[in-house]
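The whole structure should be built from the sequences, with the hints applied where relevant.
Chain by chain, the residues run as shown.
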Amino acid sequence: MILLAGSVATVSYAQVIEGRVLDGETRLSLPGATLVLMRGDLQLTGQIADGNGEYRFSGLNIDTYIVEASFIGYESRRDTLTLPLADRHDFLLKPTRTLLDELVVESLRIDNERFATGLETVRQEDLSRVPMADISYDLAGYLVTLPGVVSTGDRGGQLFVRGGTPTQNLVLLDGMRIFQPFHIVGFYSAFPADIISFVDFYAGGFNARYGGRISSVIDIRTKNGDKHRVRGSATLAPFLSGIQLEIPVVVGKASLVLSARESLIDRIPADILGEELPFRFGDRFAKFHAFLTPTSSVTITALRTSDTGNLQGDETGGPDDQIRKSTWKNQAYGGKFTYIPAEAAVMTELAVYYSSLESRYRLTKDEIRSADVSELSFNMGFTYLLGPNQINFGIFGTTNFFEYLLGSTQTPVRSGVSSGGAFFEGQVQFGERLRLEPGVRLEAFARGLKRSFGPRMRLIYLPAGKGSHNRFSLAWGRYHQQIVGLSNEQDVSDVFTIWSASPRGTAVPRATHYIAGWKGRPAPWLELSLEGYRKNLSSLSFPVFSNEVSDLAEFSQVDGRAEGYDAKVEIIHASVFLSVSYGRSKVEYTRPEQLSRAVFRAGTGRTELLPELQFNPPHDRRHQVNAMAQYRFGKNKLGVRWQFGSGLPFTQVNGYYTGLDPLESSEDAFHTAGGTTLVSRGEPYGARLPTYHRLDVTYERRVSTSLAELTFQAGVVNAYDRANIFEYNIFTGSRVDQLPLIPSIGVRIDVR
Amino acid sequence: MNMLPRYIALLMAGCVTLTACENTIEPFDQDGDTSYVIHGFLDMGLDRQFVRIEALRSTVLSPTQEMEGVRVFSIDLDDGQLIFWNDSLVTLDDGSSAHLYYADFRPVEGHSYVLRVGRSDEIGASATTKVPQRPVFYLDPTRGDTLDLKQKIYLVDIQEQPQQLTVQYTVVDVDSEVPQTIDIFYGEAGSSSSVGWEFDVRLATDRFIIMRVLNRSIEDKNVRLRNLGFSLTIESEDWAHVLDPVNLDRAYGFFGSVGHYEFFWHLDSQSIVTIGYVDDQTLN
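Protein chains in written order, with the working numbering: chain W, 1 to 752; chain G, 753 to 1036.
No lab work stands behind these hints: they were computed from the structure. All values reported here derive from a predicted model rather than from experimental measurement. The beta carbon of each residue, even a glycine, is placed where N, CA and C say it ideally should be. Mixed in with the good hints, there may be bad ones.
Unchecked claim - Computed, partial: chain G to chain W, Cβ under 8 Å:
#1 Val812
#2 Leu834
#3 Phe836
#4 Asn838
#5 Thr843
#6 Gln915
#7 Tyr1004
Unchecked claim - Residues from chain W that face chain G, not an exhaustive set, calculated with beta carbons under 7 Å:
#8 Leu93
#9 Pro543
#10 Phe545
#11 Val549
#12 Asn654
#13 Tyr656
#14 Pro662
#15 Ser680
Spelled out as structure tokens, the structure:
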């Protein structure tokens, strides 16, 4: 008996079921696929396939199990497996795409495994629901439909998430940090939607694996290329055209994805568009992925983007030497090695990344500012699977370099900072109803900057267990941001940002997030969600209003609070998709009495005593509505999207005048001195711009041939030609509006 | 559900109709109470006063606003004298033009003035200044010897740096018999003290300069000292707030005043002999 018991003890709880979930036709991995482990009719546990489509159930007895794999757009598959298995078990799912043309029946996924408040997981099919002036859709175009995400306009590439500023967002592309992730035309990301596998968008409350930012996380995972055959597609559209290739480098083992896009909008005559749109942008992407062994893989990713344009649009609006021009270039390179040892329930990831951003801002013919930032980082992460529980921890190290030059008469300023740290996060399942996800992040800096300690906690409650139609979640976390981006937030057409380490002698920007959410599905075709949040912000740097027109501002330290709630209704039934969301929010900053700070060594202006002030910053949008609808009929698709946003705060002016240097009591030079143009302003952000709303309509028709699938798109942006203001041009006294009614046509070819 | 697409279309049309209004922006603060810019100062030493006045422009590139209908006048608050200022257009160094107002009067020391700008149908702007009072001064006895004789002078209740400090020596050259006043510029000499402002008159050092001006040898003891005094310019308190003026109402810019004063004293005979003059002083 003892021997028998002993022999049972040596083999129990040591069995593993692992493998990949793949597209049965293309053999492409299906990240995000749902897997459920059962014994008989009893559901034991479930999980989501990772970014490589991998899954793993560990700690199992020698027994017979049933594993069911499912993924949207595919037929579910249920396999009976008797342990011990001789090999890994891959699931090849058959796509049900052919059925979708005739009778689309999509039911909303009960994605309880990934449900968490503050988190929105975006997949390719979600992107395709947003009507865009680009036949290939875009992540940026989708993100602005989410409640709580504010864009100041269709140019500039600035996204504000639940009260946070663009420089407080962490954007990762396969782990590479992207400093400027959106193109100068605001509804385009710096990378094509076609390469996206899925996106985890945390509007707040993100867990410990993410750090260095205090507002939101956009974690983009790209798909691996087809390892069995060459695939290609090309799109031609007025805003953005491109080409993409997937090449099997080693059949079944290694693939290469290549993508190139370039804008055409500045080449289209203004007579056709109704106005000049002097924007030029483009991006290049490449990804190599290879399975070294069945349990290890390597990925090498590269991204380059370029943008240039005058955000005020019309280049004839003022004298040539007053025409502003913004230019920036992103570069990002990354390498990642992933290994899952057969003997242990642990996944190891080793990665090295480099990214940089070069920005130039031409204020006048003679005044050009430049700001460069680069980052080199390494990460090592471990994921331990302990049955229904999971532990992630890792270490990381980062070196940042900064350089800026603020005018032809200034000298370059260079600096750098290194940091290192560790994070720990866990998923602890208490029965079927309750899951806790504690986490902590520690980071230490060279150069005497203060260490940061960031605890995190998330709670998920499913009242009826895994099949629950109601899900509740709470999230809390403390966040710090040592690397800050400083910009002139007073001027919406000035997106020039200087990155640097948080100035010495000042507190590091911090935030505490509180989020509570509920998601319910009263019917298979109907999903409701409601989420409330509050972000307490402290030690933010905010520019001080200067009376000089083009002055580089002094900065003050402000505290803030962003709070609100988001509500969403989503219907997917038969051939109709409908989504209506409403966001209500309020962002308020408080500036205590203090001396202003000349953050930049070359900054102009004087240190002054600033009175206490309370104001709503320029991204405080109180009400936001997004309504989207899509209707499929045969091979046709009609999409409609209507956006509404209440007016953003801005500061009125009293007027402009000539200021003279301090007068000399012994001279009469002031009689004829030229002076400097100064501005007299009203109450800071005391007025509101008009409301913003816009209707976009697209129509698509798909034509299939033996060689390729063609998709034709016709659409119109701003269908009723609403004049939505972008800014007021202080040089000419005219308003600069966002994009007018613009018709677009596009065609996409997917080579089979 | 077949009706759903129609409902969607109706919903969209409704949204558009409800909100297709109100699209104007008011970039200017209509309640703003500042509409003029004043740059200038009253100068006690001049017979004609100048002030540059500008109305706020609506854009950065707008030309200088017309000042038609704008009246500019000053009032002496001590004697009630009202003076209207005249408009003139000047060309600035950068080629643009500006309105330079002028008035012919000489400000009186210790008097307060208010400058008013505006049209008849508006509140307008104003600026006030008080011309500095003539300070009281007193002297310490001289100190030092032939080569470094000095005398400290105190300006009572003057805390700010006086400008254009100049020591004046009226001497008579033995050859010409014509009195000659030689100014030695001290600039911004001295320092603040509990009494006020103090500075040293460098009697011995100044003699070197004077003898060089007269083309005389330093050993020559025949030059006669007739008068000794100093002049300076004192700025009104407004100059302490040049960048953040407190004397402007509904205006930007700067407005102040300056006083010019001369002082004379009698140097003791022993000191005159010590430094090498002949005492020929007259009392002013």
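Status of the hints after comparison with the structure:
1. Val812: 5 Å, holds
2. Leu834: This interface hint is violated because 24 Å lies over the 8 Å limit.
3. Phe836: 20 Å, violated
4. Asn838: This interface hint is violated because 14 Å lies over the 8 Å limit.
5. Thr843: 7 Å, holds
6. Gln915: 6 Å, holds
7. Tyr1004: Result: holds, 6 Å to nearest chain W Cβ.
8. Leu93: 29 Å, violated
9. Pro543: At 19 Å from the nearest chain G Cβ, proline 543/W fails the 7 Å test, so the hint is violated.
10. Phe545: 13 Å, violated
11. Val549: 6 Å, holds
12. Asn654: Holds, because the Cβ-Cβ distance from asparagine 654/W to chain G comes to roughly 4 Å (cut-off 7 Å).
13. Tyr656: 5 Å, holds
14. Pro662: 4 Å, holds
15. Ser680: 6 Å, holds
Violation of the numbered hints given earlier is confined to hints 2, 3, 4, 8, 9, 10; the remaining hints are satisfied by the structure.
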